[in-house]
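> The residues making up each chain are set out below.
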Amino acid sequence: MKIIILGAGQVGSSVAANLCNEANDITVIDRNPVCLQALQDRFDLRGVLGHGSHPEILARAGAQDADMIVAVTNSDEVNMIACQVAYTLFRTPTKIARVRETQYQKATELFAQEALPIDVLISPEQEVTDYIRRLIEFPGALQVLDFAHGRVQLVAARAFYGGPLVGHKLNELPDQLPGVETRVVAIYRRHEPIIPDGDTVIETGDDVFFVAAPKHIRAVMSEFQRLDSPNKRVLIAGGGNIGKRLAIALEKQCNIKIIESNPERAQQISEELKHAYVLLGDAADEELLVEENIDQTDVFCALTNADEANIISSMLAKRLGAKTVMALINRAAYVDLVQRDIIDIAISPQQATIGSLLAHVRRGDVVKVHALRRGAAEAIEAIAHGDRNSSQVVGRSLDDIELPPGTTIGAVVRGDSVIMAHHDTVIEAEDHVIMIVTNKRHVRDVERLFQVSVTFL
Amino acid sequence: MVRFQVIQRILGLLLSIFSLALLPPLLIAHWTRDGAETAFATAIAVILTAGLTLWLPVRKVNREMKLRDGFIVVVLFWVVLGTSGSIPFMLVEGLKMSAPDAIFESLSGLTTTGATVIVGIDYLPPSILFYRQLLQWLGGMGIIVLAVAILPILGIGGMQLYRAETPGPMKDAKLTPRITETAKALWYIYLGLTIACAVAYLSAGMSLFDAISHSFSTVAIGGFSTHDLSLGYFDNPAIEAIAVVFMFMAGINFSLHFLAWRYRNGKPYIFDSEFRMYGAFTLAVCVVCGIGLSVTTYQDDWIEAFRLGIFQAVSIGTTTGFTTASFQAWPGFLPLLLLFASFVGACAGSTGGGIKVIRFLLLYKQGRREIQRLIHPNAIITIKMGGRPVNDRVVDAVWGFFATYVAVFAALLLTVMATGLDQVTAFSAVAACMNNLGPGLGDVSTHYGDIPSSTKLLLSFAMVLGRLEIFTLLVLLTPSFWRG
Numbered sequence: 004m005k006i007i008i009l010g011a012g013q014v015g016s017s018v019a020a021n022l023c024n025e026a027n028d029i030t031v032i033d034r035n036p037v038c039l040q041a042l043q044d045r046f047d048l049r050g051v052l053g054h055g056s057h058p059e060i061l062a063r064a065g066a067q068d069a070d071m072i073v074a075v076t077n078s079d080e081v082n083m084i085a086c087q088v089a090y091t092l093f094r095t096p097t098k099i100a101r102v103r104e105t106q107y108q109k110a111t112e113l114f115a116q117e118a119l120p121i122d123v124l125i126s127p128e129q130e131v132t133d134y135i136r137r138l139i140e141f142p143g144a145l146q147v148l149d150f151a152h153g154r155v156q157l158v159a160a161r162a163f164y165g166g167p168l169v170g171h172k173l174n175e176l177p178d179q180l181p182g183v184e185t186r187v188v189a190i191y192r193r194h195e196p197i198i199p200d201g202d203t204v205i206e207t208g209d210d211v212f213f214v215a216a217p218k219h220i221r222a223v224m225s226e227f228q229r230l231d232s233p234n235k236r237v238l239i240a241g242g243g244n245i246g247k248r249l250a251i252a253l254e255k256q257c258n259i260k261i262i263e264s265n266p267e268r269a270q271q272i273s274e275e276l277k278h279a280y281v282l283l284g285d286a287a288d289e290e291l292l293v294e295e296n297i298d299q300t301d302v303f304c305a306l307t308n309a310d311e312a313n314i315i316s317s318m319l320a321k322r323l324g325a326k327t328v329m330a331l332i333n334r335a336a337y338v339d340l341v342q343r344d345i346i347d348i349a350i351s352p353q354q355a356t357i358g359s360l361l362a363h364v365r366r367g368d369v370v371k372v373h374a375l376r377r378g379a380a381e382a383i384e385a386i387a388h389g390d391r392n393s394s395q396v397v398g399r400s401l402d403d404i405e406l407p408p409g410t411t412i413g414a415v416v417r418g419d420s421v422i423m424a425h426h427d428t429v430i431e432a433e434d435h436v437i438m439i440v441t442n443k444r445h446v447r448d449v450e451r452l453f454q455v456s457v458t459f460l
Numbered sequence: 247m248v249r250f251q252v253i254q255r256i257l258g259l260l261l262s263i264f265s266l267a268l269l270p271p272l273l274i275a276h277w278t279r280d281g282a283e284t285a286f287a288t289a290i291a292v293i294l295t296a297g298l299t300l301w302l303p304v305r306k307v308n309r310e311m312k313l314r315d316g317f318i319v320v321v322l323f324w325v326v327l328g329t330s331g332s333i334p335f336m337l338v339e340g341l342k343m344s345a346p347d348a349i350f351e352s353l354s355g356l357t358t359t360g361a362t363v364i365v366g367i368d369y370l371p372p373s374i375l376f377y378r379q380l381l382q383w384l385g386g387m388g389i390i391v392l393a394v395a396i397l398p399i400l401g402i403g404g405m406q407l408y409r410a411e412t413p414g415p416m417k418d419a420k421l422t423p424r425i426t427e428t429a430k431a432l433w434y435i436y437l438g439l440t441i442a443c444a445v446a447y448l449s450a451g452m453s454l455f456d457a458i459s460h461s462f463s464t465v466a467i468g469g470f471s472t473h474d475l476s477l478g479y480f481d482n483p484a485i486e487a488i489a490v491v492f493m494f495m496a497g498i499n500f501s502l503h504f505l506a507w508r509y510r511n512g513k514p515y516i517f518d519s520e521f522r523m524y525g526a527f528t529l530a531v532c533v534v535c536g537i538g539l540s541v542t543t544y545q546d547d548w549i550e551a552f553r554l555g556i557f558q559a560v561s562i563g564t565t566t567g568f569t570t571a572s573f574q575a576w577p578g579f580l581p582l583l584l585l586f587a588s589f590v591g592a593c594a595g596s597t598g599g600g601i602k603v604i605r606f607l608l609l610y611k612q613g614r615r616e617i618q619r620l621i622h623p624n625a626i627i628t629i630k631m632g633g634r635p636v637n638d639r640v641v642d643a644v645w646g647f648f649a650t651y652v653a654v655f656a657a658l659l660l661t662v663m664a665t666g667l668d669q670v671t672a673f674s675a676v677a678a679c680m681n682n683l684g685p686g687l688g689d690v691s692t693h694y695g696d697i698p699s700s701t702k703l704l705l706s707f708a709m710v711l712g713r714l715e716i717f718t719l720l721v722l723l724t725p726s727f728w729r730g
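Protein sequence lines correspond, in order, to chains A and B.
Residue 4 is where the first sequence starts when you use the working numbering, and the numbers rise one by one after that.
Residue 247 is where the second sequence starts when you use the working numbering, and the numbers rise one by one after that.
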């Protein structure tokens, strides 16, 4: 696919890095030659220096035959205009733009084909916020991902000593939880994936990935660990875009405090928030944390722009007694350094947002893609089309589908109903199939599986 | 060390692939029974064995190449290839060149210099003749660029190699998003030009063998010929005209060819300031030579004067080095003018050598800026190329390059004179080798056979220096590069 990316910032770079590895022709446009050069040195892509929404620059980047434009510059306005220009002058088929401002996002009629022709709006801040919100809503979960508009969720949780199912075979799960529909799709034991079957025994320290309807998730999680009480007291460090959004999203159900060091910004968010407290100060200030009862805090989220500050303040909060600490970490190398041992959950904003883009690059009708395990694995929601003759999945039971190695189907969403996958479940046309691919190399094969073969049409 | 294993792996692979390039001469030797068959077969065996010995033990090493490794691979590759390419010259019956001679000949081919140590080219076996031309053709667009095009495994590391080998001050301008595609596009254009050139030569009356052979060295801006008299052997105005056109075309930046071909019109040429300067400069040298000759040697035949003048001006100006007349004997300043024209050379991103037109254009613009500053002390003056501002980094780099080129030239000139050459010969020999031109003045005006062996090795070094634009080679000679 030929893809033009506008903006070589954090989001642009991570998008470029992810797409580059998948045999796409990437051209990145940015006004900063230093950023461009750095990208060009690291990846096999082309950089074009200039203002992303200018027709001449777009033409130079090859907009005439581009399949997709991803506008992720700092400015919402530039992104929107760039999509307009690409549509009007070059008829670019797929246009994706980052629009952060909620005012724009609310006015959905703005993005109709005859107004601002943008096919997909992405808001990385919103996605990261949702990601963190789900983690806070399900204490103990390492990752919670939505599929089929929230009808099914994929949850990663660690098995701890004391969970009823730990030390037992998986096929005992239905007896322990009558009436709860769930399926374990993958287990990571010491960083190695295991594709589970009924005889697999859960061990302490396993990371278990399972799918279930949202209402059953807590019940299933209680099988792997002693259930924590719901998170009530949340302390957020950093009142930037994500911190503020998270506070707004959670302030009804939780007790929120935000620490912000910039007085003007603190004033500004305090005006926008209804119930949360805004504290002016440094998140790494021990006395401030103690004074605000850090030892009684359920969740401490460090969400500033600086990775180092987030890591340090989370470490401090953990030491001072916060139950769970989460830190927003951009640099992949830092995530490996601190995840698990020092910080409970390291949130990589790139991974949280790349999924919504990946879905559009994939062949076959892929609705949703989530990166797992630092991009080594993927959870995919794809729609099955065609009939028994033209499709490799429709009309077949799961036993008959030739899945690539390391791939499991977790659930099927048919209309409004969620069907947990069994070996005899038969896929019908227009089903949403939710699966996990533990080795990214096989994503191609999965895509191919869901493509309708042209010869039979 | 793992780092050297990566280099070893790529080097071994490239060497194995290069051995395939000796197959066409082997086939020719087989068909014509010219006695060079065993020489080529042995050479293939030796090179392939060497390549596989390097590659097999480390074939599974899969690590990314670093920027630094790119320099080592490129320089090593040119050196190793220059040496192994010399094997057939040493083995062929009746030629049996000494090692320095063979290395000089093989590097002169690969770097598209076109200087030869052989006398009596007309009597060489056809397979050896073809092999010399093939060396030039492979070296023209850059063997590494070819490797990047056909070896997807080079992947990201390909950009490092590409940058270390491609001539010109702005090397990051990719034609297509992916480096493999860029390299492929360049080679397709190169191949297309070669085929067009061969067909044109053929229709102008060359034999098939000569047409293909000369198309190789014309489009590569090399200058090797299958005759002692070079293109003068044919004494055919049509052939000379074809040569002039294709030398000029091959001296243009290949990305312009690419754009023109993609948009199916000539606008990219017209709007490119480097191309305009290249055209104007070539035209000026042609006119000066034509007039110079018609007022002196060819007073009664101005058509002949211009025919010789234009051919020689384009051939030397683009650094090809074909000859139709012994320009060294031309009156007055003309021989030196041509030699100086070879310093300017061809455009960046072409197959030609020299300092490159774009660098001179930038130097000129900077000189003009200094004058403007004297007149308007407060003016902010940006240097622009084709309406777009040029990064000051690039301008600095051009100055650095120019200064280094002159310094290296002076050092080489003194060393070569120390080996016993007179000043005119030494000056022209170093210039002709560093600019990848070929024929010089004085004792090296027809061939380089009579100079000492040490000088030949020195000049071989100058050719690689010139082909890799000095820095790629010099960087390996600096201690800090190796200190890690």
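Bear in mind the hints are in silico, worked out from the structure with no lab data behind them.
Honestly, I wouldn't trust all of these hints.
With a cut-off of at most 25 Å between alpha-carbon atoms, the simulated PhoX-like pairs for lysine-lysine come out as follows [unchecked claim]:
id, chain 1, residue 1, chain 2, residue 2
1, B, K513, B, K630
2, A, K218, A, K172
3, B, K306, A, K443
4, A, K5, B, K430
5, B, K342, B, K430
6, A, K255, A, K218
Fair warning: this is a prediction, and the values are worked out from it, not measured in the lab.
> Against the structure shown, which of the earlier numbered hints fail to hold, in ascending order?
Violated hint: only 5; rest satisfied.
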